[in-house]
Every structure is written in C-alpha cells, then in structure tokens.
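Protein chains: 2
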Amino acid sequence: MADSPRDSSPEGLVSSNSNSKYPNFEVDYVISYSLPPPSPPSQQLAEAEASFSQLIHLLSKTGFAVEVRPGRPPTTPTSPSSLLIFLRIASHSLLEKQIYRYRVQDWLYGVRTAAPGPPNSLSEQEPITDAERLRLAYLLITKPVNEGGAGITPGVGQWRFVKSVFPLHDRKFNKEWIKDWSTKYILDDEDLLKIRNQFGEKVAFYFAFLQSYFQFLLFPALFGSAAWLVLGGFSWVYAVVNCLWGVIFFEHWKVKEVDLAVQWGVRGVGKIQLPRPQFKFEREGLMRPYKRLARQALQVPFAGACVVVLGGLILGCFSIEIFITEVYMGPFKQYLTFLPTVLLTIFMPTFTTLLTKLAERLTELENYETVDAHQASFVQKIFVLNFITSYLGIFLTAFVYVPFGKILVPYLDVFQLTAQKFTVEGKPLPTKEWVINPDRLRKQVIYFTVTAQIVNFATEVIVPYAKRRIFKTVEKVQMEVKGEKGAGVEWPKDADEEHRFLKRVREEAELEQYDVTIDYREMVIQFGYLSLFSVVWPLTGCSFLVNNWIEARSDAMKIAANSQRPIPWRADSIGPWLNALGFLSWLGSITSAALVYLFNKSGGGQLGVGSVWDIPGWALLLAILCSEHVYLGVQFVVRGVIKRLDSPGLQKERAERFAMRKELLERMVEEEVVSAQAEKGVGVRDGEKITREVLEEEARQHSGLGPEKVFWLRQRGAGESVEVGRGLIQLVSLANNNTAKRE
Amino acid sequence: MADSPRDSSPEGLVSSNSNSKYPNFEVDYVISYSLPPPSPPSQQLAEAEASFSQLIHLLSKTGFAVEVRPGRPPTTPTSPSSLLIFLRIASHSLLEKQIYRYRVQDWLYGVRTAAPGPPNSLSEQEPITDAERLRLAYLLITKPVNEGGAGITPGVGQWRFVKSVFPLHDRKFNKEWIKDWSTKYILDDEDLLKIRNQFGEKVAFYFAFLQSYFQFLLFPALFGSAAWLVLGGFSWVYAVVNCLWGVIFFEHWKVKEVDLAVQWGVRGVGKIQLPRPQFKFEREGLMRPYKRLARQALQVPFAGACVVVLGGLILGCFSIEIFITEVYMGPFKQYLTFLPTVLLTIFMPTFTTLLTKLAERLTELENYETVDAHQASFVQKIFVLNFITSYLGIFLTAFVYVPFGKILVPYLDVFQLTAQKFTVEGKPLPTKEWVINPDRLRKQVIYFTVTAQIVNFATEVIVPYAKRRIFKTVEKVQMEVKGEKGAGVEWPKDADEEHRFLKRVREEAELEQYDVTIDYREMVIQFGYLSLFSVVWPLTGCSFLVNNWIEARSDAMKIAANSQRPIPWRADSIGPWLNALGFLSWLGSITSAALVYLFNKSGGGQLGVGSVWDIPGWALLLAILCSEHVYLGVQFVVRGVIKRLDSPGLQKERAERFAMRKELLERMVEEEVVSAQAEKGVGVRDGEKITREVLEEEARQHSGLGPEKVFWLRQRGAGESVEVGRGLIQLVSLANNNTAKRE
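Quick mapping for you: the protein sequence lines, in order, are chains A and B.
UniProt numbering puts the first residue of the first sequence at 1, with every later residue one more than the last.
UniProt numbering puts the first residue of the second sequence at 1, with every later residue one more than the last.
Be careful, since some hints might not be right.
To be verified - List of simulated lysine-lysine pairs, DSBU-like, C-alpha gap at most 35 Å:
| # | chain 1 | residue 1 | chain 2 | residue 2 |
| --- | --- | --- | --- | --- |
| 1 | A | LYS709 | B | LYS61 |
| 2 | A | LYS256 | B | LYS662 |
| 3 | B | LYS163 | A | LYS709 |
| 4 | A | LYS709 | B | LYS503 |
| 5 | B | LYS357 | A | LYS179 |
| 6 | A | LYS662 | B | LYS291 |
| 7 | B | LYS652 | B | LYS357 |
| 8 | B | LYS493 | B | LYS357 |
| 9 | A | LYS271 | B | LYS662 |
| 10 | B | LYS175 | A | LYS143 |
| 11 | B | LYS662 | A | LYS61 |
| 12 | B | LYS175 | A | LYS709 |
| 13 | A | LYS652 | B | LYS254 |
| 14 | B | LYS652 | A | LYS662 |
| 15 | A | LYS652 | B | LYS280 |
| 16 | B | LYS503 | A | LYS254 |
To be verified - According to the in silico footprint, chain A covers these stretches of chain B (three or more CB under 8 Å from chain A):
| # | region |
| --- | --- |
| 17 | 45 to 54 |
| 18 | 104 to 115 |
| 19 | 194 to 208 |
| 20 | 560 to 573 |
By construction, these hints were calculated from the structure, which means they are not laboratory data.
Source: prediction; values computed, not measured.
Ideal Cβ placement from N, Cα and C applies to all residues, glycine included.
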C-alpha cells in the first residue's frame, strides 16, 4: 500500500494547496492541448491526434500520472478547441531523486556550499517548497528524453499543439496574499519569502526590487516636496541630492540583491544555464563567435531604425503640436489640438509592436544557446526602444525646443506658409507670432510622471479584465447565434464533483502567461524619469511613491487573477535591468546638471526664455563635466564603502564556505600531525656530545658519499645543530671578552 | 634504507638544481640568523641564543633536516654577525602530504577543477615544480604550529633575529636564462613557463605583463614614428589612435591575464588569502568595518599631504627654474640654472621616502587580516605618490604654465623684485622680459620619457652593483685597519668541499629581497606617460620600446644577480596595478583631447603661444567631453566584443568544469533511468478497453475515496488517457462531418 505511488503523499512532498474550497486535486501541471478546427478539413487534426498519444505515452513513461479532460469545446466547426491534460509526479521516489539530482547540481556549480545528504532525507535537510517541486516537474516535462525528461517543448516543432503548460493557482494562497498586502504599507522579508516559495525567485526578485525601490522613494518624496515648496524647480540642491540618492539606491540594491540571493539559496544560479530549445546547431557544433558578433552588430542599425522611426514620429507630432497650439489660429483649432495625440495614439503602439517584433527576430537570429543570454539580449533591445518612446519627447523639449526654439521655429514656417495658402473667404488663415512656452517642459514631465502612470495602471489591470469580460460575452452571443446554425459539438458533461474545478482550470487555461520583464521595464523607465527629469518637477518622487504602493498590489492582482500561475523559475538578480538602472542613474547626473544650468532663473547666465547663445557654453559644459565626474567619483567611493562594509548575506555565505573548508582541512592537518609525530625520529636526536674533531672525523668517513650527502650529515639532528650554533655564538661573545680584557 | 629520509630523493620531488658547477647541496631554504654585536654587552646575545635553539628544535620537529654554518663573521666587537641555517624538507612523505593538502585546498577553493588523486601519485598527476616545492616549504616554515608549521615569522616578535629566509639561486638556470634572453627579441609562453616554474607565478606575471606590453608597444612605436614624421606633435589623429590603442591594450591584458592564470593553474588563488602575521586581533575578534573605514579615510589627508608637500616642492622648483632660465639675466646664471635640479634631487627622494614611510604606517594602521589586502592598500597609496612625482611637472607646464602663464608670471615678479634689490655695483641685476617658452612642454616630456628612463636603468642595475662593490672594498679596508686593533673573532674554517658553496650563500644572504611592486610601478608609470602625454612627442612609444627590451633583461639580471631568489608566491593577476592602468588609460582620453586642443597649431582657435582666453572655452570642454565619452563608449564596445570572443583559457577551464559536472550528473541520470524503468509499471497500462460507462461505474465505486483520489483514478494508465483523448478528438472531427453532411 505504501508503495503504491498514487497513494503516497507524504507531507512536504506534495502540493500544500489542498484547501477545501478551491481544491487543486493534487495537480502539478496542466497542459492545454489545442485542437485545430475540423473545418476546413486538413491533415492537422490527424497530426494532433498522433502527437497527442505520443505525448501521453512520453509523459507517462517519464513518471507522471496523467488524466485527460475536455477543455474548450469546439463550438463551431471553424473554431479551435482544446484538451486538458493533468499531470502529477506519480511516485514519491522520482520526486526525491529529482530534488537530489538538482541539489547536487547546485552544489557542483557552487550554489550550495555543502553537498546534499542522502535522497531519502531531503525534506528534513531543507523543506521542499511548492516552487521547487513545480520547477523540477516542469524541467521533467521539458528536458530532453536522454536526460530523463519527456522532451516536450511547448509550441515548438512536433509539440506545436501544446499551447501552454502551467501550474494551477493556489486560490486560497492568492486570496490571503492580496488581502494581506492590501492592508499593509511595507512588505517585509517574510512576505517576500512567501512569494518566493509560491512563485519562485524570479518573481520574488521583482517584488523585492519594487519594495526596495518603494522604501527608497520615501526620501525623494519627502525631500522633493520640501524642495518644491522652498526651492521650486531647477534647483541645483535638489539635483545634487537626487543624483546622490540615485547612486546610493543603485549601489544599495546591488548589495541587497546578493543578500537576497544568499538568503534564498540561489546565489550563482545564473551559472546554471537553461538550454534554449529553439537554439539551432551550426555545422561546427557551437556557433562561431565572429558570426554571432556580426549578427549582434545588427543592434546598431536596429537602434538607428528605432531612432528614425519613433524619433521621426515624435518629432513630427511635436512639430504639429507646437504649430497648432502656439502658432495656428485658424478654424477647428479646438479639434486640431487633438491631432498630434491621435496620431501618437495610433502610430506609436503600431510602430512599437513592429519594432518589438523586429527585436525578437534579431534576437532569434543571434541564436543563443541559453534562455538567459537570449533574454538579456532581448531586454537590451527593448530598453533602447523604451528609452526613445519614453524620454525622447522630454529631451526634445528641454534641449532642442527651449534653447534652440528661436532658431528652429522659422523652419516651422513650412506649416505657417502651408496654412496661409489655405484661404478662408479670400484671406489667409490667421496665425500668431511664435513665442517659446517655457512651461511646456514642466507640463510634459508632469504628464509622464502622473497621467501616464495612471493610464498605465488602467491598461495593465482594468483593460485585460474588461477585455476578458467582453470576449466572453461576445463568445456567448456568437455561440447562441451560431448554435442555431447548429455546427458545434458539445463535450461530454463533467463529473459533478469535478465540474467546478474543471471550469476553473478552463478559465486559467485561457489566461495569458505572466511576463515579469514587462513589470521590470515599467519600473526601470519610471526610475529614469526620477533620475533624468525630476529636477524639473520635484514632486515626481511623491507621485511615484503613491503609484508604486498601488503598483505592487496591482502587480500581485495581475499575477493572481489575470495570468496563469507563472512557472517558478529561479534567478539570482534582476538580471540585465541592473545595467539599465546604472546607465539611467549616470545619465541623470548629466541631464540634471544641464537642466539646472539651462533653466534655473536665479543663477547667472542662464536662460528662462531665451536662446542658448545667450549663455556661455563653456560654463554649461563645465557644469556637465563637473557633475558627471563628481557623480563617478561619488559612485566609486560609495561602492568602495559599501563593499567594505560587507553584506550580512555574503558574510554568512563566506562563513559557511569557510567552515566547510576548514573542517576538511583540519581533518587533514590532524592526520599530518599524527604521522609527523610517528616520524619524529627523523629530526631530533639530542644528547650526543660533539666536538669539531669528531665531526671532521665523521665527515672524512663519509667522504666517499660526495659533498652533497656529507653536507647534511655533519650535524646529526637538531641537538647537534643547536650545539654547533651555540658554539659559534659563544665565539662571538668571546670577542667582546677579548676586547674587554685587552682594554 | 629506502625509508631513511635523508637518502630518499626520488625524481621530481627534490630540487633539480643539483648542477655540478654551482651545487646547491639539496638545500631548500637558508635562514640568515643575525647575531647582535657583543659590544656593548647586553641581554641581546643571550636572547638570540635562546631563540636560536628554539628555532632549530621547532624546525626539526616540523620535519626539516637542519644544518648550521657560520655566516658573516663578527669582524669587530661592534659589528653584527650572523649564522646560516640550512633547511631541507627531510622526508619524502611529508612533502607529498603538504602537496596533497594544498592541492586539496586549491580544489576546495575552486582553483582546481578536479580533486587530486591519492597522495603517493602526485608527481605523476602533475609535475611538482621547484616553485611549488619551495612555496610549500616556506609555508611549512612560517605557518602557525597548530596548523602543522614551525610558526617562524621573520623579523617579527620572538623571531626578530631571523633576518631573512630565502631559497638559493639556481646559478645554472640563471646563467642560461640571462644568456637565452639576451639573444632573443620576443619571449614566448615557454620562457614565461620557465620563470613560473622557477620563481613562481607572481614574478612570472610581471614578466608576462612586460612582454605583452612590449609587443603592444610595437604599434605606437611604428605609428608614433610615422605620426612624428608626417603629422608632428599635437595631432588629433595620433591622439585618437593612441587612446584606442590604450583601450585595446588594457582590455586585451585583462583577458590575457585570465588566460595565463588558467594555463598556470592559479585562477582564483586570490581567494586563498595568506594571513598577515602582523595582523592585530581586536577585542571582538575581527576588526569592525567602520573602524577600518575610518582609518582608510585617512588616505584622503594622505593624498592631500602628498599634493601639498610634493606639489609644493615641484611648483617651487618650477617657479625658480622659470625665473632663472627665462627672466633672470644676472651673474652666476650658468650655475644657478642647476639650482632647481639640485633642489629636486635633494628634496624629492627625501620627501618621497618620508611619504612612503607614512604610507606604510597608514597601511599598518588599517590592520588588514591578509597579505593581499595589505599590499593592495599600500599600492594604492604608492600610486598616488608616484602619480604626483611623475606627472605633476608636466601637468603644470601643459595646463598652467603655457595657457595661464601670462596671468601668473607677474606674480613671479616677487623673484624679479628680489633679484633687483640685490644690486651689483650700484645697478640692479639685469632681468629680461618674460615670454612663454612653447617648447618647454616637449622638452619636459622628452626628459621624462628618455633621460629619466636611462637614469632609472642606471639606478636600478648599475648603482646597486657598484654599491655592493664599494661596500665590500670599504669593509675589507676597515677590517684590515681594525684587524690591527685586533678586535674581531674569526669563524672556524669551512670544510674544503663546502667553502665555495658557503661563500656563495653568504653573498646571497647579504643581497636585498626582490620586490616586484617596484618593477610594476615603473611600468605602470611608463604606460602613463604614453597614455597621458605622448601626443606631445609621438616618438615616446619608440623610446619605450627600446627601453623595455632592455628593461626585461635588466630586471632578469636584477633578480638573478642583485637579489635573493624570491619566494615563489602565486598570483592570478597583476593585482591592484590593473586599476591603475585603467585609470591612466581613461585619464589619457581627457589629457590628449585637452593637449591637442590647446596646442595644435593647424586647427582653429587654439593657442601656440598665447593665453587660454584667446580660445573658446566651450570648444575645449566639448572636445574633452566628447573625447572622454567616445573613450568610454569604445571601451564598452571593446570589452563586450572581447568578452564575447571568449579567451581560450576560459574556454578550456569551462570545458573542464563542464566535463567534470557532466560526468557526475550523467552517472546520476543513468541511475534514474534504470530505476525509472524498474518502476515503469506506474504509468503505462495499455490494452484495457474503456467506455464511458465503465469509467463512470468505476468512479462511482470509488466515490467513498473523496474527489481528489477519484480524479486520478478515472483513467488507468496512459493507454486509457490516450483513448479518452482520442474519443474527444473524434468528437471534434465529427462536428465537421455533421456540418458537411448538413451542407
């Protein structure tokens, strides 16, 4: 009985989410297997069937208990349907072996300091979390057959009908999580640990970063408010403090990150790379570095394309906007004002989507062996894209429109002339003389730091929910309408006790996969506004503080309600975003200096409304140069100080490693000492009285041995050596006596 | 007989330097034990005697064969004398155990990929080099008694009479080495490997760096010559190429360094830290980080002191020099011209020595636990010191004297007025109107890059040799003179067959210890001239190329003839000098831009001879800003490219580690697969025909089990799951048939 794998569910090895209200039936993973529409008839359905039975056999052979249930019904002949395949690691010992195997791997890669003990006491050594079990189960599903897995690669090649492989949400946990978070201000390590145990370190790192950032935001929020009240915008005091804050936050996070990784036992997992199933082998085995380098060089034209396409769009809309709001006085002005916004709203997402696709294609082309390398390269491209869409507008206003406006606006006469060609009732359209609008920059920053954040929140949380609702209704209506045309097939009815559960699973199968990259991107871009432009409007920090409190909760909601439960991957840092943060922080030192210098009205030689030619360029450049180097200097010092202060996590890790090494080496030393004592006869042979004559005599006796041997035989053991040395020392003191006597 | 340790000298375990002409008598180490002069009488000699016998007993107990011989004789009652203690690891098995122990330690720290095999086959696994044997012998002498060593700390506390512990030169090797090198242009990996096996990785890394730098110098030498002929000084083309070269050299060396470390099997030895015997334990055990940080902060006033003292001296001499050469016209001008040089020659070494002492004291105060940390901190201070002494003069000329000369020189009127007060025969001393000497900068750079290098060579090689010669002669004469006063004691005569050997050892005992830091410093400072100022005089690279060919040979000479054989320490990089190189390379991008901008005569808006106020400051700053950021950008790209190209060493290391891990994990997978096959019964149970009714019936039977159990019992094994799925798929295709029929 105890051997029957389906009955064995010892504590700690099986999902703890067997809560009564939302039972998960001990399911580890669900595969949503999509079936192509039967009409028009094709080979597809037959292929799907063949692939399906292979899938089941492979999974079963790998060691999964398998159950199949109907998924989305084929309501019309042209609509796709799906099957749901439920998986559970069948045998207790298989799971134990997997855990043991991966803990050994961790140890080999230096992630763990000590090798794990025997496989049957794993849960005693370290509790097995949901995340660990699910991660290993997923690896078992996806890794190649010759490594002991089932070799299922969702959506790729033979397995293109496998739409998704996902674990089920633990509804009880989710409910408590959301409830808990919505009533507290600060998330502590405990909260993060829960996330880590439920959703894995990759997601937990995002929330940890968010939390750390939130706490650090308190300072710019308070200081920013004070600065806003007392100093106003463009204060150099605020700029300096803000840059300093940026450095400290960045350096602090770098340490915190390592700390958390140690705490969660994942430091160094970056070294254990997941192979990418899409990786294409070249003829020589691995891809030659030069070839990849050449393809990576395509990033440069890609960045160029981004600048041209998005920059062109932004610049175009910018010009139109300026013309309409500040020059144009003709009819329909109140409607035309919205033209640039409309243009941006239509074209920006289109272009962004296109360029993102291009970035994906480029990254594919670079053909990385591992998931991490692929991801890092993709993130780099996405960052370039977002940098342009987010900041270019403000850059244009701050460093082109205001300082060079007077020079550039005559070129806008193109519009004016065009406008004036259109005559209304015989006379040209009225236009007004253009004057730079100095408030434009502030308005723009406020737009990006307040309005855009709210819009963002809406698109992230409310829109998907509404979309789902609407789709459902539409589908229902469609079904009813088509139902009369009588095309579809009904699935067999669910068993009563499973019905609610299956309904829930079908809903989860339709949800999107959670992508933490999007959330990181949002936060990093936000940090950029603070670092680059908050000197324009010091309340930025305040706005972000409020926003991020909500953000953490809405992201939690998004995971819990709007996405499939993520596969609990591990991570030991926020990855490529760290560089982006560093870059933005550094760039902030330059833009802040430039903004303060250009716009601060109380200083000497700056422009409120004027031309860049009114102020000494060398002073501006000197300000930038100084600011940047002070920044780099401060960073160097802060980095040094933080490094020397040592993080508790690193200390702990070092202590552990040290203890382990020490133990091993001490055991060896003991051995040595023991054996050295056994050999002691070698050295010390005291007692024998030696005279020079005896020694010479002996030496002569040994003269047949060659000088090298004789050299080491002159003094027999330590005792004799001491005697000889003492004799010489006596001689020396004798010298003194001699002199003393003579005197 | 085979067990008698004194007879056992199996191949590979004992010094291979048993050449007939310069026999080393199998000696591993010599301790030079200094005896205090007997007059005036004190407790010292008695203390030395007591400590001596303890020393011999400890060493003997640790496992050394010991022989004592007279060292430097006490020629007069007030002159110190010394004993020589010869050490040899007595037993073969002790050496084997030491090697095993340290190879295991290497493995634990990740320096070795694989654990070493059993102790008695070590030399088969990997040849034991002279360097490894001597390093372990030294550790055995110095490490604490409770770790199995003798606990001798030369010169510290109880062991203050231990003047030095040094291995003997392998004269035959040295002769061949010098001869070999003096006839070839390029040192290959073989040559470096020989150095490594003889003197250890720390010294070998210096020569590897020197060699790499020498080869890279070929380019600036050739290009510089061409630039000098075609473009002249202050060419921006040369500046750009030179900076680019700096980046590539720096990044290349970083990779090369890792490569060599892998090749020599020392990658990561930086993690194995040698404890510093001088480290003082605090009350809480380790030193609190804040306290150390506070003491490290003393570096700032130290740097300040350096700037004030050395800067003041340089500035003072500079002013005097300018006054005398360019203003003063009075009598004794030809002698007074030398005044600043005399002042510099007298005060500079004095101040430098004082400040070096201060740096030593500060580093002591920082109280590091490990030798490496101590060394790194000291090097940092030394670098500041040398930066000022080496470059400040040129900086003053380039960025103060020439551009601001016209403004500053009136202040030099102090001199003029003073001079004019001294009247010669009733009329004031003649002075001339001051004009900026534009050639001064070039002359200065040539002085530092040619003359100073030659002077340096002389002080490094010729002076110590001459000094030793002179000292010897003086001593001889003194002895002869005092001999008549009849004060000294003669040591007993050496045995005939040992006499030549002992004479040689006595000579070596008097030599200085080799300090690789001094040589590194010289090279890094030289690199600085190239990076910072070579745009002034593009032939700099040529001069350095010639100089460094000689430098490598003269450094070899220095080690072979003018120093004790160094203790063969390990290292995995050139250590703290790497940062210094990076800093100088970066600073070069700024100074080059500034120099080109200020002095280039063919461009617009620059000054040949003039004031900085004649040129637009913003343009200068823009040039600097651009140059620096282009530099940083290029560095980023080059770093990325080089990292992606991968070094052969790293590839090899990764492959080794990978192979080791793979083997271990594969063994586990095999196990898994085998046991999975044994358990196969779990999953697949094909064949049984299923109908919906049967299933339902079964479910009903199991209804007592609770829905969770029943869920997993509906389909028995993979076969049934496949059947159920196929049934559903059939249903879907049926839908099509239905529609088809209906249509």
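Q: Hints the structure violates: just list their numbers, smallest first.
A: 5, 7, 8, 10, 16, 19, 20
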